[in-house]
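Trainee: Those protein sequence lines, which keep their order, are chains A and B. Each step along the first sequence adds one to the number in my numbering, with nothing skipped, and position 227 is 267. Each step along the second sequence adds one to the number in my numbering, with nothing skipped, and position 404 is 526.
Do not rely on the hints blindly, as some may be mistaken.
Stated by the list, open to error - Restricting the straight-line Cα-Cα distance to at most 25 Å, the calculated cross-link-like pairs of lysine-lysine (BS3-like) are:
1) Lys-331/B - Lys-309/B
2) Lys-125/A - Lys-213/B
3) Lys-315/B - Lys-216/B
4) Lys-229/B - Lys-213/B
5) Lys-229/B - Lys-309/B
6) Lys-315/B - Lys-125/A
What the hints assert, rightly or not - With the C-beta cut set under 8 Å, the calculated list includes, among others, these residues of chain A facing chain B:
7) Thr-128
8) Lys-251
9) Val-292
Bear in mind the hints are in silico, worked out from the structure with no lab data behind them. The structure displayed is predicted, hence computed values, not measured ones. Every residue, glycine too, gets a C-beta built ideally from N, C-alpha and C.
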Amino acid sequence: MTTYIFRRLLTVIPTLLGVLLAVFLMVRLAPGDPAQLLAGEFATPETLADIRQRFGLDQPWYTQLGLYTLNVLQGDLGESVRTRKPVTYELSQYFPNTLRLTLGAMLVALLIGIPAGIIAAIRPGTIFDLLAMLGALIGVSMPVFWFGLMAILIFSVQLGWFPVAGTGTLRHLILPAITLGIGTAAILARMTRSAMLEVLSQDYIRTARAKGVAGRVVIFKHALRNALIPVVTITGLQFGGLLEGAVITETVFAWPGIGQLLVGSILARDYPVVQGAVLLIAVAFILINLIVDLLYGAIDPRIRYD
Amino acid sequence: MNMRIRFWLTLGLVLLLSWALAQTRTLIIAQGTDPTSLDAPLATDSPSGTVVSHVVETLFEYTPDGKIVPLLVERYSFSSDRKTLTLFLRKGIKFHDGTDFNAEAVKFNLERLISPELASSFAFLLRGRVSAFEVVDSHTLRLRMPEPFAPVLAHLSHGSTAIQSPAAIRRLGTGYRDNPVGTGPYKFDRWQKGQFVELVRNEEYWGKKPAIERLRFLAVPEATTRMALVETGQAHVAVRVPPQDVQRLSARPEIEVVNTPSVRTIFFYFNQAKKPFDDVRVRKAINHAINKEEIVKFVLGGFGRPSDAPISPGIFGYTKIGSYEYNPNLARQLLAQAGYNAQNPLRFTIHSPNGRYLQDIRVAEAVQSQLRAVGVQAQIQTLEWGAYLAASNQPRDRNEFQMAMLGWGTVTGDADYGLFGLFHSSQQAPNGFNRGFYANPRLDRILEQARVATNPQARQQLYRTAMQIIYNDAPWAFLHSEQQVTAIRREVQGFIVHPIERLIATQASFRTSSQR
Numbered sequence: 041m042t043t044y045i046f047r048r049l050l051t052v053i054p055t056l057l058g059v060l061l062a063v064f065l066m067v068r069l070a071p072g073d074p075a076q077l078l079a080g081e082f083a084t085p086e087t088l089a090d091i092r093q094r095f096g097l098d099q100p101w102y103t104q105l106g107l108y109t110l111n112v113l114q115g116d117l118g119e120s121v122r123t124r125k126p127v128t129y130e131l132s133q134y135f136p137n138t139l140r141l142t143l144g145a146m147l148v149a150l151l152i153g154i155p156a157g158i159i160a161a162i163r164p165g166t167i168f169d170l171l172a173m174l175g176a177l178i179g180v181s182m183p184v185f186w187f188g189l190m191a192i193l194i195f196s197v198q199l200g201w202f203p204v205a206g207t208g209t210l211r212h213l214i215l216p217a218i219t220l221g222i223g224t225a226a227i228l229a230r231m232t233r234s235a236m237l238e239v240l241s242q243d244y245i246r247t248a249r250a251k252g253v254a255g256r257v258v259i260f261k262h263a264l265r266n267a268l269i270p271v272v273t274i275t276g277l278q279f280g281g282l283l284e285g286a287v288i289t290e291t292v293f294a295w296p297g298i299g300q301l302l303v304g305s306i307l308a309r310d311y312p313v314v315q316g317a318v319l320l321i322a323v324a325f326i327l328i329n330l331i332v333d334l335l336y337g338a339i340d341p342r343i344r345y346d
Numbered sequence: 123m124n125m126r127i128r129f130w131l132t133l134g135l136v137l138l139l140s141w142a143l144a145q146t147r148t149l150i151i152a153q154g155t156d157p158t159s160l161d162a163p164l165a166t167d168s169p170s171g172t173v174v175s176h177v178v179e180t181l182f183e184y185t186p187d188g189k190i191v192p193l194l195v196e197r198y199s200f201s202s203d204r205k206t207l208t209l210f211l212r213k214g215i216k217f218h219d220g221t222d223f224n225a226e227a228v229k230f231n232l233e234r235l236i237s238p239e240l241a242s243s244f245a246f247l248l249r250g251r252v253s254a255f256e257v258v259d260s261h262t263l264r265l266r267m268p269e270p271f272a273p274v275l276a277h278l279s280h281g282s283t284a285i286q287s288p289a290a291i292r293r294l295g296t297g298y299r300d301n302p303v304g305t306g307p308y309k310f311d312r313w314q315k316g317q318f319v320e321l322v323r324n325e326e327y328w329g330k331k332p333a334i335e336r337l338r339f340l341a342v343p344e345a346t347t348r349m350a351l352v353e354t355g356q357a358h359v360a361v362r363v364p365p366q367d368v369q370r371l372s373a374r375p376e377i378e379v380v381n382t383p384s385v386r387t388i389f390f391y392f393n394q395a396k397k398p399f400d401d402v403r404v405r406k407a408i409n410h411a412i413n414k415e416e417i418v419k420f421v422l423g424g425f426g427r428p429s430d431a432p433i434s435p436g437i438f439g440y441t442k443i444g445s446y447e448y449n450p451n452l453a454r455q456l457l458a459q460a461g462y463n464a465q466n467p468l469r470f471t472i473h474s475p476n477g478r479y480l481q482d483i484r485v486a487e488a489v490q491s492q493l494r495a496v497g498v499q500a501q502i503q504t505l506e507w508g509a510y511l512a513a514s515n516q517p518r519d520r521n522e523f524q525m526a527m528l529g530w531g532t533v534t535g536d537a538d539y540g541l542f543g544l545f546h547s548s549q550q551a552p553n554g555f556n557r558g559f560y561a562n563p564r565l566d567r568i569l570e571q572a573r574v575a576t577n578p579q580a581r582q583q584l585y586r587t588a589m590q591i592i593y594n595d596a597p598w599a600f601l602h603s604e605q606q607v608t609a610i611r612r613e614v615q616g617f618i619v620h621p622i623e624r625l626i627a628t629q630a631s632f633r634t635s636s637q638r
């Protein structure tokens, strides 16, 4: 087990270096000069030169890449061109909020998705199944942007139940978490339903039923545990997806997360922040995948790590 | 005690109390983005500038009605050759950290602005224009200029020249950007990154103390969300009301939708280095083919003003020059003279940003269809803003833009800022903002004279001539001045939207229920 984790962590290093290189090249291939954007329409050539020199943008790209990689290895992600603060500081200000929003959304997705999937699977073809799957269809098809604005207009402006935007209390979290989580809930519901249906048709379930095991026990102890494996995989992947999906939700609800920071930084060609934010998201993604793999062992005793 | 006296006393007390309570509330303002920096010379965008301008003050002030008046300066004088400006500073003012505001502090700030280490985008305001800052005594500073520079007072009203506490800048280093210390009516309190900045009233302010104790500037990128905040009372002010929301918001009794002019002018420039726009007849034809009134009315929903000069009203040097009348027949005739007709139609590409200016791409589309009516086949191309700026700033031989939309805010309130950088031949891209490679030696001379002229009337006259030349040469297709549409809850009074895209809350107060 320990060796497995250690081996997995070792593979993280080349992955991160690859991400670093890809992001570095991508942001530089995009047209538009950070100095120009920072100086705006007013830019004079001297000002542009000052800014380029100040941020090392006058160096050839390979020099920049080398310096950047060396600094990253020492834990220094550079300085934001726009705010002129260390990138690590910027990330530390925004990332916890994204984590909170993503966890909230995941909770929403699990609380809605899995029960809906189970109900649909144990009563296939009934009105419950139909409603759950219709709900799931609407959930995946609805644009996040539109859903968020509608939620604000109905629940904040009309009914006054929740604050419109911002963070601070649990009530601030509810609408954005539902907005972000609803799509994942729909996917989880469909996934749970089909996994459950498959397991429920297995011989051992029939055996258990034939032995006279209570229906509830069959469903939750025998079927659900086996059906959960693909669901856990999808949940892990979706978690990473939620980190990205937060970009739109954060904009609608003025939620100060990494998504908002990333969009603003891309528009301003704030190279160091874009690189830092993408690296951070990559790290989060890798860690989640590791956790998912480890969870398999906990759910399914047949899976072992040597 | 007499019942009546008691009644009035109680009522008076209640009113006084409710007034006092109203004033301790926090005024909440929803802007589009979080400030990037609260260090004045680095606060280049409007949201940053708005927050900073409550904390720090400039030597001169550009008032909302277009005057340049002394602020931190008590009085000033020019030498007879106009090459020396002596500033007599107000005495007895302290920065929020308790240190003295004096000539050394002013010198420190102005030298910091032009220093290459800071790399401020606004260094050009003084760099090369002022050669030395001399401290005469504790509250007198002398600015030496290599040649007279008439807009110097206007430039000293620009937000980036604000005077900040040198002690705080030295002590905090880069941390100063999150912790501004000035002489202004509000003190910086805290900044929740990405959420809000909160300011608190400066109880020791040297001038008239504001009525409202706390200000909070929210960062809300999505316009619909901003409007919802004002509608539910979770914010008192929201900027940039989308045209489609104006009617709905105005219908609510508790909200006032305020329409304020802006010093920002929107135009298409022509690339005169290349065919077809090296021909003045073509440029004039396009100007006659565009129906500006229609665009303002239908595309901007009335929130604009057709341009009648290259700069907006309210700026020093503005005079109404006139606008090319909408005349498709004349446009066709001019095009025919230039050799374009139905057999050989004029074709070119219009470049437009998408989302930078109010309804920008819609304006471009309207122009495209109006041009089609005179037989011109234009196609629209749009680029993301960063790429757009870079492409339009290419030197002459590599510049692919033919006719492109841009906007210019004359934020110093002086015509020099709005004309020299845009039309002087030395300012052709990439050296300045003359991106259409326009050149007219006579205009160059007049703009130079206006820079060094001593007499305001003479300057006014020079700018009038300059703008007349520009109008005749038609280096731009003139469009409109933008307007700022702001939603303000009626319980707030005295809130100012400045034409330089600043929000000012220093004179605002909450109405009590009886006043509403």
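Trainee: Return the status of the interface hint for Thr-128/A: holds when the least beta-carbon distance to chain B is below 8 Å, violated otherwise.
Mentor: violated (13 Å)
Trainee: Next pair to validate is Lys-229/B with Lys-213/B; report whether the Cα-Cα distance is within 25 Å.
Mentor: It holds: about 16 Å lies between the C-alpha atoms, which stays within 25 Å.
Trainee: Run the distance test for Lys-315/B versus Lys-216/B: straight-line Cα separation, threshold 25 Å.
Mentor: Not satisfied, since the Cα-Cα distance of roughly 28 Å exceeds 25 Å.
Trainee: Between Lys-331/B and Lys-309/B, does the CA-CA distance stay at or below 25 Å?
Mentor: holds (12 Å)
Trainee: Starting from Lys-315/B, check that the Cα of Lys-125/A is at most 25 Å away, please.
Mentor: Holds, at roughly 12 Å.
Trainee: Would the hint linking Lys-229/B and Lys-309/B be met if the CA-CA limit is 25 Å?
Mentor: Since the Cα atoms of Lys-229/B and Lys-309/B sit roughly 22 Å apart, the hinted pair holds (cutoff 25 Å).
Trainee: Are Val-292/A and chain B close enough, Cβ to Cβ, to be under 8 Å, as the hint says?
Mentor: Holds, about 5 Å.
Trainee: Please check whether Lys-251/A passes as an interface residue: C-beta within 8 Å of a C-beta belonging to chain B.
Mentor: Status violated, d = 57 Å.
Trainee: Tell me if the straight-line CA distance from Lys-125/A to Lys-213/B falls inside 25 Å.
Mentor: Status violated; Cα separation ~35 Å.
Comparing the model with each numbered hint stated earlier shows that hints 2, 3, 7, 8 do not hold.
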